[in-house]
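Trainee: Both chains come to you apart, so use the hints to assemble them.
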Amino acid sequence: MEALTILGQLFNTTLVFSTALIFAALGGIFSERSGIVNIGIEGLMVSGAFASAVGSYYAEQADLGALSPWIGLVTAAVFALLFSLIHAVATITFKADQVISGVVINFLAAGVTVYLVKILFEGAGQTETLNEVFSKWAIPGLAKIPLLGYGLFTAYPTTFLALILVAVSWYVLFKTPFGLRLRSVGEHPSAADTVGIKVKRIRYIAVMISGALAGMGGATITLTTTSNFSHNTISGQGFIAMAAMIFGKWHPAGALGAAVFFGMAQALNNFLQLFDFSKHIPQEFLYMLPYVLTILVLAGAVGRAKAPSALGEPYDPGKR
Amino acid sequence: MNKVIRIFTWDSAVAPLVAIVLGLLFGALVMLVGGYNPIAAYSALFSRIFGNWYDFGEAVREITPLILTGLSVAFAFRTGLFNIGAEGQFIMGMTGATFIGVKLTGLPWIVHAPLAVLAGALLAGLWGGIAGYLKAKRGVNEVITTIMLNWIALFLSNYIVNRFLLQPGQQRSYMIQDSASMSIGWLSELLDNARVHWGTLVAILAAVVFYIILWKTRQGYELRAVGHNVHAAQYAGMNVNRSIVKAMFISGIFAGLAGVFEVLGVFHYQVVAAASPGYGFDGVAVALLGANNPLGIVLGASLFGGLTYGSAGMSFGADVPPEIIRIVIGSVIFFVATQGIVKWVLIPFYGKRKKEGAL
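Taken in sequence, the protein lines are chains A and B. Those letters in the first sequence? Residues 1 to 320, per the numbering used here, in order. Those letters in the second sequence? Residues 1 to 359, per the numbering used here, in order.
Chain B on its own, in the form it takes in the complex (with noise of 0.2 Å):
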């Protein structure tokens, strides 16, 4: 009986690994089949997210905003909502923190800055609240919403920008002001001059913040229990309309959270964007990476971010487009879900163990 217990935890771990290795196998493959060489490309993605101080916090930069929006999906995902909107929130939260950033003149940093992120954080909870209350109140499907709210956000955010921020002669913002700026600047020094920021302890904060709400709080049983079963959750008394128009606003919060620390850690100004940078849709996938933990969201983000970062170094280092690490990581997330495939993989190593149920 024990052995069979092992088998089961020691297999929770080994399948995600056994997944990052076949798709990274499955990367490989596709590249010898389109005449690239795989060991001289991977190495060359490994030694740009290592292979200097520089690269490494700008890796860590990459992964930073990820882990937000992932746990922006995850926490939606979690109450039984899916919020294709992180995307729109991310922009609002960018947009709300610019504007404070920018317009708000001759505060000390330990108001401006914070002032600045909160503003961002509660921008994009709203912009998540809509989707939360059309939802509750019209019944109006979240999917729809937020797609339509992230284009929304995109367009409103440019005229944001356009009209009130605008630089002139460039295509982006002023910059935000010295005392909105989440930049660390000795960490930065140390670490030749790449982006770090306070956005990524944030982050981290935010996936305890995360874990806490949802399982320590009573509220967040009853998110859960909204997500788990509506009509059960109804049954038992609870509020089923606040909690969703809630759990789409914690849901913004956390995609915006991301936003404003691209713009007050990382560019210190905000463009006018023709299309969505990606960050929220990304993060659809690094939850479904995390199966919606907020530990594995952080692995799954520090993965996706550190192998997205790396591939620039494939195509400078060996001329292969960045475009196979899409490939790669879609395998992951495959091979990831498919769980059934791993364990066909793994049937040789397990032996007879099979007839014990292990798998």
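Just chain A, same shape as in the assembly (with noise of 0.2 Å):
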């Protein structure tokens, strides 16, 4: 039983750490589909962290309780939505290359946000740190199974939203028509733009969903674990996002899986620690762990992931 209540402890934990990946990667595979290389991600959710503490501590300071996360989460999604303007201008609108915008909004992110903090918190390298943040929610009656209840069902409420976002990205992106021409414009604008489909718009739309999704991954590690933000409350997050992005093959359904595989990854090194044999190695090899794991994973099975064809071509329609 004793073994049992560890491994109910290893999921939590590792949902805690994926939820922030889920959010991001989904918006990355948003951006991505429609043709639009985002290496802005980081960036991104650097801005929602920053906003989501601004948000939530105004919203604290007028007295709004437990309601003040939710705020913090909506002005996340709203400020990084705006900041993924910055790229959707940059990169359809004047076609400019798309890693280069990507590696601006790191960029402007990393600087916009730590002066605005000195800026609003009188000169202080970080954030007021929030009371009112989020508390996990057990799922009544499901949270009473023994083992996954805690494991699966007691989460953050950002978790399950992560989870349902997943869903809802999945049947958005291939149930829906303008899930097919947001696909059909990533991999072949000329062809959707003679049947029709307004290809920048639909590209536009793509990068700032991937905006509001990036950011709110941002504002869920503010929201849930640090409790205020500082320069280094990301710090490679958006990366890892990235790169579960490419693991999961630009589904939202294999994001959330690689999601989780770097979630646990990275809970397993906490937990491992709580064993006696740990002890015999050296810590560093347990930081190492969730990335050595990664290429292990993606040097053995994966095998070729396939980008979409148009991803970072400027569409330009004089073109042929």
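These are computed hints drawn from the structure, not numbers from a lab. Every residue gets a Cβ at the ideal spot worked out from N, C-alpha and C, and that includes glycine. It is possible that some hints are incorrect.
Here chain A is said to cover these stretches of chain B; the calculated rule only asks that three of the stretch's residues, wherever they fall, bring their Cβ under 8 Å from a Cβ of chain A [said to hold, decoys possible]: (1) 140-149; (2) 152-161; (3) 311-324; (4) 334-344.
Keeping only pairs whose Cα atoms sit at most 25 Å apart, straight-line, the calculated BS3-like set for lysine-lysine is [what the hints assert, rightly or not]: (5) A:K200 / B:K343; (6) A:K200 / A:K175; (7) A:K249 / A:K200; (8) A:K95 / A:K319; (9) A:K95 / B:K343; (10) A:K319 / B:K343; (11) B:K137 / B:K246; (12) A:K200 / A:K319; (13) B:K137 / A:K249; (14) B:K246 / B:K216; (15) A:K175 / A:K198; (16) A:K249 / A:K175.
Sample of chain A residues lacking proximity to chain B, with all beta carbon distances greater than 10 Å (derived) [said to hold, decoys possible]: (17) G8; (18) N12; (19) V16; (20) L67; (21) A138; (22) F153; (23) A191; (24) I205; (25) T225; (26) T226; (27) S227; (28) A253; (29) V260; (30) L272; (31) F277.
Mentor: Here it is in structure tokens:
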């Protein structure tokens, strides 16, 4: 029974670590499926993490209580959506190199957020610590199931939201006309244009969705784990999310699997430290574990991932 | 017709300059909105870079690793690969150099120092080569592997420093032997102890080597051909897989040299770090700023490194958060990338020439 409890805890921690990655990887999928490379996921997560910290802080000040993390989450989505417009304007309207623009997003986000924090919080390097953050929900009934109950059905509301969004994204991308258009624009924009699809408009929408989702991903880290925002709140999670997107072959279900895999690998390193034998393993190797596992899995099992055909190419109607 | 040509060549030099000016203006605007004085801030920035010999030397020190990581990323770009792993290769370069620099004793400088450089460069090259090998043989996307290898490099180097090189009571390695130092003592003295080192010369040479490899050798031709069109290169009988491994190996060496000289030339020890130093990621920006061209990279790194170093002066001199410089650099790159915006800004200066196709 002891072992089973520990296993339940492992699942539980896995979900905590995975949540932000799921959001951000979904964001990446929307953008890249429409043919726009989004290296800027990291920066969009940073801007979301920042906006959620500020949004919830002011909501708290306005005595909104338990509602304030939700306001933070929405603020994050809106702010990151606006931020992603820079990427959209540069790459879609001005046909800038998409990788360059993504790097710009990362740079600007790192600069703008810390700069704003210093202005808003009188020179401090991080935002005020939030009192009202998300607490875990137990799904009534299901959470009572032994073992699985704690592992899978007791989690932050953002985790449930992320899981719902995986299903929604899959439905939107693969079962709706909009999704078909979005994918066609990413595979063959001129063919899509010929049948009357507004290539640029679809790409704009896709990048904006991408921004909102990545922003929410960043927000979950602030609102469930760190309770404030500083320059190292995100520290590379956006790149891991990109890896999850590619690992998941640009498919929501695949990205979910990959994000959970990365989350579990991170949780596993916390988890192994509970055991005696781990004292004989240098700590650095435990930290390394998730990344080594990822490479081994990719090299061993998955094989070549196929990116959307028109990924990275600006759409120029006059070009053959 | 001549006029058109003149406009084109003028254009290619002027667009980046306009981008820099626009970036600085945008930064000024952000400062105004935040309630800071941009003129005081920028003059503090420039006096910090050029104010005295010490700061000038230190600015060069800041620029040097950026040239090398920029070359690293650009080399991979030229061969159609995206190396986000310059960061990890940088760290492996540091580790190799520290290990040889600390552990070997009793060697003359002429042997020890080059040996330490070589060890770091090779280790970093192999680190890049892993990503190349996995891409070539197993089809694993190099973006993922290089990101993962960055983290592995960070923890692995921490392990090596902790286990083999740790100075008791410190969070860093022992100092390297004097015989491995790449500092330039007499020049440092001239520059009020600014930490100048041979790495700067190596970085410039590396830019030349970058040019020679890619444009003056058969192998470089193959590498670029693979970068342009894998299928065409393969059809022409080139060994694409070998090119990929080779490209990542060379790319890793460039990034590794940056790390090597941070240890041998600047700090003379390696710390147990909680996070990556960031030169590798900045290298991506430098490569883009320099349009993957060796001369452009040297200039881009100078701009980037100069602004970064000067930004510390802004917070002392004008009480402006130094993060503003990230915004400036980001927007300069943005304006370089979106030539359309720059040309739109320039329209009034071109006047009627628009119809001749210059715009």
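Trainee: So, for every hint listed, does it hold in this structure?
Mentor: Verification of the hints:
1. 140-149: holds (count 8)
2. 152-161: holds (count 5)
3. 311-324: Per the Cβ count (3), the hint holds.
4. 334-344: holds (count 7)
5. A:K200 / B:K343: Measuring from Cα to Cα gives roughly 21 Å; hence the hint holds.
6. A:K200 / A:K175: holds, 21 Å
7. A:K249 / A:K200: holds, 24 Å
8. A:K95 / A:K319: Status holds; Cα separation ~13 Å.
9. A:K95 / B:K343: The given pair, whose Cα atoms are some 13 Å apart, holds under the 25 Å limit.
10. A:K319 / B:K343: Holds. K319 of chain A to K343 of chain B sits at ~21 Å (cutoff 25 Å).
11. B:K137 / B:K246: Roughly 13 Å separates the two Cα atoms, so the pair holds.
12. A:K200 / A:K319: holds, 15 Å
13. B:K137 / A:K249: holds, 19 Å
14. B:K246 / B:K216: holds, 16 Å
15. A:K175 / A:K198: Answer holds: K175 of chain A to K198 of chain A is near 19 Å, not above 25 Å.
16. A:K249 / A:K175: Distance ~18 Å between K249 of chain A and K175 of chain A Cα, so the pair holds.
17. G8: Given a closest Cβ separation of 28 Å, the condition holds.
18. N12: holds, 24 Å
19. V16: V16 of chain A clear of chain B: closest Cβ-Cβ about 19 Å, beyond 10 Å.
20. L67: holds, 30 Å
21. A138: Since the minimum Cβ distance to chain B is about 34 Å, A138 of chain A lies beyond 10 Å and the statement holds.
22. F153: holds, 31 Å
23. A191: holds, 21 Å
24. I205: holds, 20 Å
25. T225: holds, 17 Å
26. T226: The claim stands: T226 of chain A keeps its Cβ more than 10 Å from every Cβ of chain B (closest is about 15 Å).
27. S227: holds, 20 Å
28. A253: holds, 18 Å
29. V260: Holds: least Cβ distance 16 Å, greater than 10 Å.
30. L272: holds, 14 Å
31. F277: holds, 18 Å
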